[in-house]
Amino acid sequence: MADEVKSQRDLRPGAVLDGYTLEEVIHRGGMAVIWRATHPGIDLPIALKIPMIGEGDEASSIVGFEMEQMIMPLLTGKHVPKFFGMGDITQMPYLAMERIMGHTLGEVVGKLPAPPDLVARLGGKVATGLVDLHRQQVIHFDLKPANILFRDDTGDAVFVDFGLSRHAKMPDLFSEEIRIPMGTAPYIAPEQVLRNRTDPRSDIFSLGAIMYEMVTGEQPFGAPDSTKGLKRRIWADPKPPRAYIKDIPDWLQEIILRCLEPDPTRRYPSARQLAFDLTHPDRVRLTARAEKMTYAGWFKVWRRAKFKPIPKALTTHAAPEGVNSAPIVMAAVDLSAGHEALAEAVLEQVDRILTTAPESRLACVNILKTSLLTVDDTVDEEGRNIHLQRLAELKHWSRPLGRSGDRVTFHVIEGVDPAQLLIGFATDNHVDHLIMGARGHSATRRYLGSVSTQVVAEAPCTVTVVRLPDQQAANADNSALAGTSGISLRHAGGDESEGYNSLL
Amino acid sequence: MFTGDIVGYGADPKYCIETVMEHCDKGAVALLGNHDEAVFKKECDMNAVALAAIEWTRLQLDAGHRTFLEELPILIEEGETLFVHSSAAAPRSWPYITQARDADTSLRYTSKRVTICGHVHRPQYFHAMDRRPIESFTPPPGVPIPLLRQRRWVLVVGSVGQPRDNNPAAAYSVFDSAQGKITMHRVAYDIDTAAKKIRAAGLPARLAERLYTGS
Numbered sequence: 001m002a003d004e005v006k007s008q009r010d011l012r013p014g015a016v017l018d019g020y021t022l023e024e025v026i027h028r029g030g031m032a033v034i035w036r037a038t039h040p041g042i043d044l045p046i047a048l049k050i051p052m053i054g055e056g057d058e059a060s061s062i063v064g065f066e067m068e069q070m071i072m073p074l075l076t077g078k079h080v081p082k083f084f085g086m087g088d089i090t091q092m093p094y095l096a097m098e099r100i101m102g103h104t105l106g107e108v109v110g111k112l113p114a115p116p117d118l119v120a121r122l123g124g125k126v127a128t129g130l131v132d133l134h135r136q137q138v139i140h141f142d143l144k145p146a147n148i149l150f151r152d153d154t155g156d157a158v159f160v161d162f163g164l165s166r167h168a169k170m171p172d173l174f175s176e177e178i179r180i181p182m183g184t185a186p187y188i189a190p191e192q193v194l195r196n197r198t199d200p201r202s203d204i205f206s207l208g209a210i211m212y213e214m215v216t217g218e219q220p221f222g223a224p225d226s227t228k229g230l231k232r233r234i235w236a237d238p239k240p241p242r243a244y245i246k247d248i249p250d251w252l253q254e255i256i257l258r259c260l261e262p263d264p265t266r267r268y269p270s271a272r273q274l275a276f277d278l279t280h281p282d283r284v285r286l287t288a289r290a291e292k293m294t295y296a297g298w299f300k301v302w303r304r305a306k307f308k309p310i311p312k313a314l315t316t317h318a319a320p321e322g323v324n325s326a327p328i329v330m331a332a333v334d335l336s337a338g339h340e341a342l343a344e345a346v347l348e349q350v351d352r353i354l355t356t357a358p359e360s361r362l363a364c365v366n367i368l369k370t371s372l373l374t375v376d377d378t379v380d381e382e383g384r385n386i387h388l389q390r391l392a393e394l395k396h397w398s399r400p401l402g403r404s405g406d407r408v409t410f411h412v413i414e415g416v417d418p419a420q421l422l423i424g425f426a427t428d429n430h431v432d433h434l435i436m437g438a439r440g441h442s443a444t445r446r447y448l449g450s451v452s453t454q455v456v457a458e459a460p461c462t463v464t465v466v467r468l469p470d471q472q473a474a475n476a477d478n479s480a481l482a483g484t485s486g487i488s489l490r491h492a493g494g495d496e497s498e499g500y501n502s503l504l
Numbered sequence: 001m002f003t004g005d006i007v008g009y010g011a012d013p014k015y016c017i018e019t020v021m022e023h024c025d026k027g028a029v030a031l032l033g034n035h036d037e038a039v040f041k042k043e044c045d046m047n048a049v050a051l052a053a054i055e056w057t058r059l060q061l062d063a064g065h066r067t068f069l070e071e072l073p074i075l076i077e078e079g080e081t082l083f084v085h086s087s088a089a090a091p092r093s094w095p096y097i098t099q100a101r102d103a104d105t106s107l108r109y110t111s112k113r114v115t116i117c118g119h120v121h122r123p124q125y126f127h128a129m130d131r132r133p134i135e136s137f138t139p140p141p142g143v144p145i146p147l148l149r150q151r152r153w154v155l156v157v158g159s160v161g162q163p164r165d166n167n168p169a170a171a172y173s174v175f176d177s178a179q180g181k182i183t184m185h186r187v188a189y190d191i192d193t194a195a196k197k198i199r200a201a202g203l204p205a206r207l208a209e210r211l212y213t214g215s
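The listed protein sequences correspond, in order, to chains A and B.
According to the working numbering, the first sequence is numbered sequentially starting from 1.
According to the working numbering, the second sequence is numbered sequentially starting from 1.
Check the hints yourself; a few may be wrong.
[To be verified] DEER-style ranges, computed between Cβ atoms:
{"hint": "1", "chain 1": "A", "residue 1": "Ile-386", "chain 2": "B", "residue 2": "Ala-188", "range": "54 to 60 Å"}
{"hint": "2", "chain 1": "B", "residue 1": "Glu-77", "chain 2": "A", "residue 2": "Ala-223", "range": "35 to 41 Å"}
{"hint": "3", "chain 1": "A", "residue 1": "His-317", "chain 2": "B", "residue 2": "Met-46", "range": "34 to 40 Å"}
{"hint": "4", "chain 1": "B", "residue 1": "Asp-130", "chain 2": "A", "residue 2": "Ala-223", "range": "27 to 33 Å"}
{"hint": "5", "chain 1": "B", "residue 1": "Ala-188", "chain 2": "A", "residue 2": "His-280", "range": "42 to 48 Å"}
{"hint": "6", "chain 1": "B", "residue 1": "Met-46", "chain 2": "A", "residue 2": "Leu-194", "range": "57 to 63 Å"}
{"hint": "7", "chain 1": "B", "residue 1": "Asp-130", "chain 2": "A", "residue 2": "His-317", "range": "25 to 31 Å"}
{"hint": "8", "chain 1": "B", "residue 1": "Glu-77", "chain 2": "A", "residue 2": "Lys-308", "range": "39 to 45 Å"}
{"hint": "9", "chain 1": "A", "residue 1": "Thr-227", "chain 2": "B", "residue 2": "His-23", "range": "52 to 58 Å"}
{"hint": "10", "chain 1": "B", "residue 1": "His-23", "chain 2": "A", "residue 2": "His-317", "range": "39 to 45 Å"}
{"hint": "11", "chain 1": "A", "residue 1": "Thr-227", "chain 2": "B", "residue 2": "Asp-130", "range": "48 to 54 Å"}
[What the hints assert, rightly or not] Result set (EDC-like, lysine to aspartate or glutamate): computed pairs, CA atoms no more than 20 Å apart in a straight line:
{"hint": "12", "chain 1": "B", "residue 1": "Lys-14", "chain 2": "B", "residue 2": "Glu-78"}
{"hint": "13", "chain 1": "A", "residue 1": "Lys-312", "chain 2": "A", "residue 2": "Glu-261"}
{"hint": "14", "chain 1": "B", "residue 1": "Lys-181", "chain 2": "A", "residue 2": "Asp-282"}
{"hint": "15", "chain 1": "B", "residue 1": "Lys-181", "chain 2": "A", "residue 2": "Asp-172"}
{"hint": "16", "chain 1": "B", "residue 1": "Lys-112", "chain 2": "B", "residue 2": "Asp-62"}
{"hint": "17", "chain 1": "A", "residue 1": "Lys-169", "chain 2": "B", "residue 2": "Asp-176"}
{"hint": "18", "chain 1": "A", "residue 1": "Lys-169", "chain 2": "B", "residue 2": "Asp-165"}
{"hint": "19", "chain 1": "A", "residue 1": "Lys-246", "chain 2": "A", "residue 2": "Asp-225"}
{"hint": "20", "chain 1": "B", "residue 1": "Lys-41", "chain 2": "B", "residue 2": "Asp-62"}
{"hint": "21", "chain 1": "A", "residue 1": "Lys-292", "chain 2": "A", "residue 2": "Asp-282"}
{"hint": "22", "chain 1": "B", "residue 1": "Lys-41", "chain 2": "B", "residue 2": "Glu-71"}
{"hint": "23", "chain 1": "B", "residue 1": "Lys-112", "chain 2": "A", "residue 2": "Asp-88"}
{"hint": "24", "chain 1": "A", "residue 1": "Lys-78", "chain 2": "A", "residue 2": "Asp-153"}
{"hint": "25", "chain 1": "A", "residue 1": "Lys-82", "chain 2": "A", "residue 2": "Asp-117"}
[Claimed, not checked] In silico contact screen, one side only, chain B against chain A (beta carbon under 10 Å); selected entries:
{"hint": "26", "residue": "His-127"}
{"hint": "27", "residue": "Arg-132"}
{"hint": "28", "residue": "Phe-137"}
{"hint": "29", "residue": "Pro-140"}
{"hint": "30", "residue": "Ile-145"}
{"hint": "31", "residue": "Arg-149"}
{"hint": "32", "residue": "Gln-150"}
Hints in this document: simulated from the structure, not taken from any laboratory.
Values in this document were obtained by computation on a predicted structure and should not be read as measured data.
Yeah, the Cβ is synthetic: ideal placement off N, Cα and C, and Gly gets one too.
Just chain B, with the same shape it has in the complex:
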């Protein structure tokens, strides 16, 4: 499952899309993110740096890439789980889930017990029992967290590219729907090369710098 934003800040948009395409041929599912949408949408509400990156990205992609992005679904439901890039609440306007209130709003728009989303580059889990207060939890890497059945969960799983939780390692998660557990993992990668490529492409320098600090 790819939770969206395949392209946007990095210098390898073609490679990223083609890699996701390959996985999707083998049964993986990818969702639409706001940066993916920006590639084929005329107006988009983005800051200057992100916009500059999108304009550069457009030039790198061919029609096949664009079509693949255009056909990505906005959300997927499977069993008791909803997968969406931003939030169950108005997913097409890309709201961010950064605090309990946002998670609460999202929960009102879905009947699924577990919501898994990306969008925000900081991993954070929200959970609540019935109409009781929402609790928030920052998952530690490598620890399986049981998604207690009495509760509903909103899982912001972090990002592979450009993490912003002060940990520069790429984040991915393993979700075990049978066991009802999720484990976040962090992987170190060659930041130097990624940053060098960003600079070489003429993308804003800030996009390269922040990879080192994860901020």
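Chain A extracted, bound-state conformation:
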């Protein structure tokens, strides 16, 4: 009969706690010990986190444990450890969770400074994980290289240690409790220093600080140990990464410095927009940040601290729904002749939706259909590059929306299956809302199914399908057909896939 754990003293290999058999200590931290454990009926590797409470410990360690007890059971998905159960805090507290088979960000990156493309790739994975975390209305508030793991098998980023986290719909146990900034000095966001625990963009700041450190080998604001020292980051701009290593690409510096903006409203409005930029370096809109080589000296920082007001966003509480207020909107448009009316209707719809979400980012997408069987021409009869021509047309189409800079991106995607290409783009880029047109009714579509039907069924987001009133659609179809010389089978095939040449 195995020993049943009744108190901290009974914790030893072979002892049993609520059916979990302890095997060995795999980590001993300041506030908790983590045991490897097994449990009949659970096939995944198990980690048992046991807080060290009860010997006159800081209240913050108990509160941190309560936070994890409250938040971990609510989390789902591949970016967090699977949760199995917990023990009563007044008896024998523990958290049983999936033991992540993987390595910490620190271990994966290895020697610093790390190559910029590696940093961008890992940063992109972390940002993708944050999209999922923020979608679940949780802000981590303690991102650091030791709290981010990568799964060995899939490479997905996993967050651990939710002791300082906040769930938008749960009580914040730290709002009155703690009078000092809570977080980890090198990575804590300025608003956290001011004890404002409501803004998901705090995590974006921390990720920026992590990427800065990985790519330069230096921490952007050092590791101050006083509140006064931490407050310096409200006013100081860090030495630009390219001033350390000039080979760091301008787009990566742009991304990192944007994450590190002291004013949250100047950072990326959402993790999904950050993930988007890290995975599309060629679409990063460069500003003065990209080229910056100098930074404010101590006198300038002192003067700012003395005379400039604190940015409002640092002290105003972000609404809980703010977690998802900066969506990515995707407009898929067919620009082929005969479908101008539909393209315009899509434009109107996009405009209407963007008005309700001014912080959103718009991705305009056009599909350039290629054939499986033939080697396609990349230039048209007049020798123009078809891809570039499409891009120009796409930009022209979006002009009335009046969106510029980083709030709009353009993508011409080449491939065989328009529906799959659209679904793939929406999935990879965490699109929240996809707007697309549907051509009118035709016999072939009725039998073979339309692109829009498939997208509506399979895309992992809201889909708005724009349809013209019947008469207009009929006219459009007629005029499209008028341009073709007789309807051969091949043409009919082209028609049914709605947008062979472009889409929808």
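Starting from the structure of chain A, add chain B where the hints point.
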């Protein structure tokens, strides 16, 4: 569990009392609220609008209704929970719990870990660990909130009639004492008819108007 104030602002006092009576026959428990008390008490400390409503209410009720109200308990203790209309501190003088300080006072007057009360028409939860600062939390509808065991809780659960948290929907809560969780729910109801009845009864118009805004 009915946390008190069965009557007071609405135009259906008889229906409300009889409905609660039926539930109590089946094992439910109801507590005394200050408006219930006002029905049978001579002097009461109330504003003019509330008083006008009480005077009208008295005329609608028969002796059976009055007796039922008179016999309602002021508080109930069950397991680690105290149920009371106003506060554990001087419950008969009907103090309001609207801020951390009020919740703190209430906690000093009970050894129970969880206090559930009504009285204030805005749902708000207060909680604290040992003698540490009290935290306050506005519960979102439909989300089970774990009543963390290391803490003591004062749960102001809101009201079915006349909510005042800018949400006109009626509030009720499901308290799971075994799991240690509480979930507030909001239910839309036919405000038009309720308001019409209030006006038709000749009650102060304000009582009908505020139902629409929940304020």
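Evaluation of the provided hints:
no., hint, result
1, Ile-386(A) x Ala-188(B): 54 to 60 Å, "holds, 55 Å"
2, Glu-77(B) x Ala-223(A): 35 to 41 Å, "violated, 52 Å"
3, His-317(A) x Met-46(B): 34 to 40 Å, "holds, 36 Å"
4, Asp-130(B) x Ala-223(A): 27 to 33 Å, "holds, 32 Å"
5, Ala-188(B) x His-280(A): 42 to 48 Å, "holds, 44 Å"
6, Met-46(B) x Leu-194(A): 57 to 63 Å, "violated, 44 Å"
7, Asp-130(B) x His-317(A): 25 to 31 Å, "holds, 27 Å"
8, Glu-77(B) x Lys-308(A): 39 to 45 Å, "violated, 56 Å"
9, Thr-227(A) x His-23(B): 52 to 58 Å, "holds, 55 Å"
10, His-23(B) x His-317(A): 39 to 45 Å, "holds, 40 Å"
11, Thr-227(A) x Asp-130(B): 48 to 54 Å, "violated, 25 Å"
12, Lys-14(B) x Glu-78(B), "violated, 29 Å"
13, Lys-312(A) x Glu-261(A), "holds, 13 Å"
14, Lys-181(B) x Asp-282(A), "violated, 50 Å"
15, Lys-181(B) x Asp-172(A), "holds, 16 Å"
16, Lys-112(B) x Asp-62(B), "violated, 37 Å"
17, Lys-169(A) x Asp-176(B), "holds, 18 Å"
18, Lys-169(A) x Asp-165(B), "holds, 17 Å"
19, Lys-246(A) x Asp-225(A), "violated, 30 Å"
20, Lys-41(B) x Asp-62(B), "holds, 15 Å"
21, Lys-292(A) x Asp-282(A), "holds, 19 Å"
22, Lys-41(B) x Glu-71(B), "holds, 13 Å"
23, Lys-112(B) x Asp-88(A), "holds, 18 Å"
24, Lys-78(A) x Asp-153(A), "holds, 12 Å"
25, Lys-82(A) x Asp-117(A), "violated, 30 Å"
26, His-127, "holds, 6 Å"
27, Arg-132, "holds, 6 Å"
28, Phe-137, "holds, 4 Å"
29, Pro-140, "holds, 5 Å"
30, Ile-145, "holds, 7 Å"
31, Arg-149, "holds, 5 Å"
32, Gln-150, "holds, 5 Å"
Checked against the numbered hints above, the structure breaks hints 2, 6, 8, 11, 12, 14, 16, 19 and 25 and satisfies the rest.
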